[in-house]
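Hey, can you work out the whole structure from these sequences and the hints?
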Amino acid sequence: MPYKDKNGKFCGFLNAEEKEGSGKFLRRYFLLDEKKSRLYYYKDNPGNLHADYSKTCGEIEIHFISRVSDARKLRPKVDNCFSITYAGRTIYLEAEDGDDLEGWIKALNDASKITVPVKHEDLGNGKKDSRAGFTAEIAGGVVCKIPMKVSDEEPGSSDESPNESSGLSASAMQSYISGYCVKQGGMRKNWKRRYFVFSESGFQYYSSDRAKEPLRTLPKTDIIDVRRSSSGHSSRDNLFEVVTAKRTFYIQCDDPADTDKWVNMMKQNLPTTQISLTKLTGPNGEAIEDAESTEAANELSGDGSDPGVS
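Under my numbering, think of the first position of the sequence shown as 3, with each following residue one higher.
Hints were generated in silico from the structure; no laboratory data involved.
Please note that a few of the clues may not be correct.
[Unchecked claim] List of simulated lysine-lysine pairs, DSS-like, C-alpha gap at most 25 Å: (1) Lys222 with Lys194; (2) Lys75 with Lys263; (3) Lys185 with Lys115; (4) Lys194 with Lys75; (5) Lys248 with Lys222; (6) Lys57 with Lys26; (7) Lys45 with Lys6; (8) Lys11 with Lys38; (9) Lys8 with Lys45; (10) Lys8 with Lys79; (11) Lys108 with Lys79; (12) Lys75 with Lys26; (13) Lys8 with Lys26; (14) Lys248 with Lys185; (15) Lys21 with Lys45; (16) Lys38 with Lys115; (17) Lys214 with Lys185.
[Unchecked claim] Pairwise CB distance ranges (calculated): (18) Thr274 with Asp239: 30 to 38 Å; (19) Arg230 with Asp46: 38 to 46 Å; (20) Ala247 with Lys8: 55 to 63 Å.
Beta carbons are placed, not taken as given, at the ideal position from N, Cα and C, and that holds for glycine.
In structure tokens form, the structure reads like this:
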């Protein structure tokens with residue numbers, strides 16, 4: 003089992019496949035620092051080493067982690083193997099025993115989840131505290147504080163507009179498909195792990211599966227095309243594109259099967275009256291440019307990326 007050091011940080015030894023696909027596992031000391039949102043690993047316990055030799059071998063930013071899972075079926079020759087998928091890369095680790103494996107999976111999954119504060123009751127007068135907390139989100143590379151909604155009204159006492167929250171967490175919403183992916187932000191080099199939901203309301207993404215307010219919603223009628231990405235990001239696998247007239251969104255899945263699942267499910271459930279990007283044919287077989295298609299294609303040719311919400 004991973005243990006906590008004197009500072010309350012999860013730590014312990016694991017065997018790590020540092021070079022992906024090599025099959026060579028090296029013993030490393032891992033330290034989970036939740037305050038800094040980092041998983042560090044060292045050649046040995048830094049507490050046993052001189053300061054000059056206690057530098058890290060590497061680190062993983064836990065907010066980029068999209069999955070931590072049991073990998074014993076994928077690596078049957080490696081005892082107690084589990085994997086960490088982050089930023090399109092998978093690292094395989096070997097725990098000492100089954101309890102150690104389960105402990106690390108739970109600790110890493112808990113650390114990579116984004117939590118929000120809950121509202122408190124005023125014990126002095128028995129009334130609910132109407133003050134709300136804030137959630138910090140990154141929009142265009144800038145940290146913004148978003149106030150949390152708190153309402154004392156009974157359910158159904160007010161009319162809710164279509165753009166307001168349904169009160170359900172993202173994972174509880176009815177959807178065609180949902181799950182964690184990594185998307186490119188408006189800053190291009192900025193990739194963020196988000197929880198995506200494709201439903202009748204459109205294509206939405208949230209800060210986590212527990213969030214109730216989407217960071218952004220794309221109505222289904224705004225989506226021109228959904229397709230696998232074939233160029234532009236040679237260092238990233240399993241990408242697909244969601245194309246609108248103003249911007250192309252690049253989304254990265256964990257594996258090719260997930261990518262195909264998202265693309266196929268979205269294509270099947272988009273309105274049939276989408277803007278066509280193909281040429282029309284006249285009565286004599288000549289090619290006719292559709293005005294809407296040409297306009298949309300011209301806008302897309304410049305990528306039209308806007309900083310927007312990441």
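Verification of the supplied hints:
Taking the CA atoms of Lys222 and Lys194, the gap is near 22 Å; set against the 25 Å cutoff, the hint holds. Restraint check for Lys75 and Lys263: satisfied, since their Cα atoms lie roughly 22 Å apart, inside the 25 Å limit. Between Lys185 and Lys115 the CA atoms are separated by roughly 17 Å; this keeps the pair inside 25 Å, and the hint holds. Note on Lys194 and Lys75: the hinted pairing is violated, with a Cα-Cα distance of about 29 Å set against a maximum of 25 Å.
With a CA separation close to 14 Å, the supplied pair Lys248 and Lys222 stays within the 25 Å bound. Restraint check for Lys57 and Lys26: satisfied, since their Cα atoms lie roughly 22 Å apart, inside the 25 Å limit. About 18 Å separates the Cα atoms of Lys45 and Lys6, which keeps this hinted pair within 25 Å; it holds. Taking the CA atoms of Lys11 and Lys38, the gap is near 11 Å; set against the 25 Å cutoff, the hint holds.
A C-alpha spacing of about 20 Å is found between Lys8 and Lys45, which places the hinted pair at or below 25 Å, so the restraint holds. Taking the CA atoms of Lys8 and Lys79, the gap is near 35 Å; set against the 25 Å cutoff, the hint is violated. Note on Lys108 and Lys79: the hinted pairing holds, with a Cα-Cα distance of about 23 Å set against a maximum of 25 Å. A hinted pair counts as satisfied when its Cα atoms are at most 25 Å apart, and Lys75 with Lys26 qualifies at roughly 18 Å.
Taking the CA atoms of Lys8 and Lys26, the gap is near 32 Å; set against the 25 Å cutoff, the hint is violated. Distance check on the hinted pair: Lys248 and Lys185 sit about 17 Å apart at the alpha-carbon level, within 25 Å; holds. This hinted pair checks out: Lys21 and Lys45 have alpha carbons roughly 15 Å apart, not beyond 25 Å. Taken as a hint, the Lys38 and Lys115 pair is honoured in the structure, with Cα atoms around 14 Å apart against an allowance of 25 Å.
Using a Cα cut-off of 25 Å, the hinted pair Lys214 and Lys185 holds, with the two alpha carbons roughly 19 Å apart. At about 31 Å, the beta-carbon gap between Thr274 and Asp239 stays in the expected band of 30 to 38 Å. Between Arg230 and Asp46 the beta carbons are some 44 Å apart, a value that agrees with the proposed interval 38 to 46 Å. Checked against the hint of 55 to 63 Å, the pair Ala247 and Lys8 passes, with Cβ atoms roughly 56 Å apart.
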